[in-house]
Amino acid sequence: MRFPPVSIIIVTLNSARTLKECLNRINKQNYPKISEVLIVDGGSTDKTLEIAHKSKLPVKIVNGGYRDNQEARRGVGIKMAKSEICFLIDSDNYLVGNNWLRSMVEPLMEDPKIIATQTLRYSAPKDSSLFNRYFGLLGAADPVAYYLKKSDRLSFAFDKWNLLGKIIDENKRYYTIEFSQGKYPAVGCNGIALKRSIILKANLKNPEDYIHTDVFVDIGKLGFARFGIVKNEVFHNTAENITSFFGKRRRYMKLFHQRLNANRRHLTFDPKNPSDILHLVLFVIFALTFIEPFIESLRGYIKKRDIAWFIHPLVCFGIMLIYAQTTINNFIINVWKNIK
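Under my numbering, the letters of the sequence shown match residues 1 to 340, in that order.
None of these hints come from the bench; they were simulated from the model.
The C-beta atom is built at its ideal place from N, Cα and C for all residues, glycine as well.
If a hint is listed, it holds; no wrong ones were tucked in.
Label-pair distances were calculated between CB atoms; the ranges are:
#1 V62 to F290: 41 to 49 Å
#2 I339 to K33: 56 to 64 Å
#3 R196 to D169: 20 to 28 Å
#4 K303 to P4: 34 to 42 Å
#5 N24 to I168: 31 to 39 Å
#6 G223 to K149: 21 to 29 Å
#7 P58 to G97: 20 to 28 Å
27 Å max Cα-Cα, derived DSS-like pairs, lysine-lysine:
#8 K195 to K166
#9 K82 to K60
#10 K56 to K20
#11 K149 to K303
#12 K79 to K56
#13 K56 to K33
#14 K56 to K28
#15 K79 to K54
#16 K195 to K172
#17 K28 to K54
#18 K79 to K201
#19 K172 to K183
#20 K205 to K183
#21 K160 to K113
#22 K149 to K113
#23 K82 to K195
#24 K221 to K113
#25 K33 to K172
#26 K183 to K272
#27 K82 to K221
#28 K183 to K113
Turn these sequences into a full structure, and let the hints guide you.
Below is the structure:
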C-alpha cells in the first residue's frame, strides 16, 4: 500500500508536562511522510514552545489565538493544514506502537466511504497514574458520557463493539461503523485521522464554528457518516490526580455545555431526548448510592485486573457534584443578568 503524506495538528496551551513525550512518540513512527506537525498554540507561558522547537519533526508553530477555546484552535489547524489526511493528536496523547499512524491510515485508503478513523480503546499502562488507568479502562474521560452510552472508546469491560453506530464490516484490524443522525458518540479528538476535504464541508465559516464532536454531525447530514474504528489504542495522559481531573472537567463543562452551548449540533446530554433524560436520572441515582458503580468496577476488574476500576464510584459521585455546582452557578448568573 502506498501511504499518502499526512499533517498532524496539535493544539497546545501550557502543555509542557506532556508535549515532549507526545512528540517523541510521533517521531518514532514508521510512516513514510509526515508533511508537517502544526503546533497551534493559545499563548503558552511555560516551556511548550521551547519543547516544540527542539523536536526533530517538521514542526510549524502557529499562533492560534483563542486562548480559552481549544476547539477554535483545532479549526485554525484544519484550515491551515496542507495534507488531505490530517491527524488530530492532543498534546497529552501518546501513540501506542511504532505503526500507529499506518494502522489509522489504512482504512481510509481501503474504503473510500470511510471519512475518519479512531482507536477502539484508550490504553491503561500499569506504570501510569491511577486516574489515567481508570479512564483508559472505562473508555471515556467522563463517566456521564459512559452512562449516557456516548463514550468515544470501548471499555475494557467489553470484548466487542457495543457503542453507538451500526457495524458494516469487521476484520482483524478494524471495524467499519456507520453512525445515524442524532446517535453519535463523542468522537473527534484524542488521536483521530480524518479527510480534510470532507471536514471542510461542515459549517466552518469561522474557527469558532469548529467543535470536534459537532463537525461530524454536520457532515453526517451530508451523507458522510462512515468511520474506521481501528483495533489499537492511544494513551490519554489526561489527569495525574483527582484535583487536576476535576478541574479539567469543570473547565470543559463551562466551555462545551454553557459557553458554546448555543452553537452546539452534538449534545452529550440532550434535554429533548427522553433516553438521555432517563440515563442522566439513573446516573444521579447510581452516583448517590454507589452500588451500581461498584458493580461496574467488579465487572471491569474481572475482565482486566487493575485496582483502578475501584475508583469508579468516587469519580461518579465527584463528577455529579461538580456538574451540579457548575449548573446551579450558571443558572444563578443568568437569573442575575436578567434581573439587572
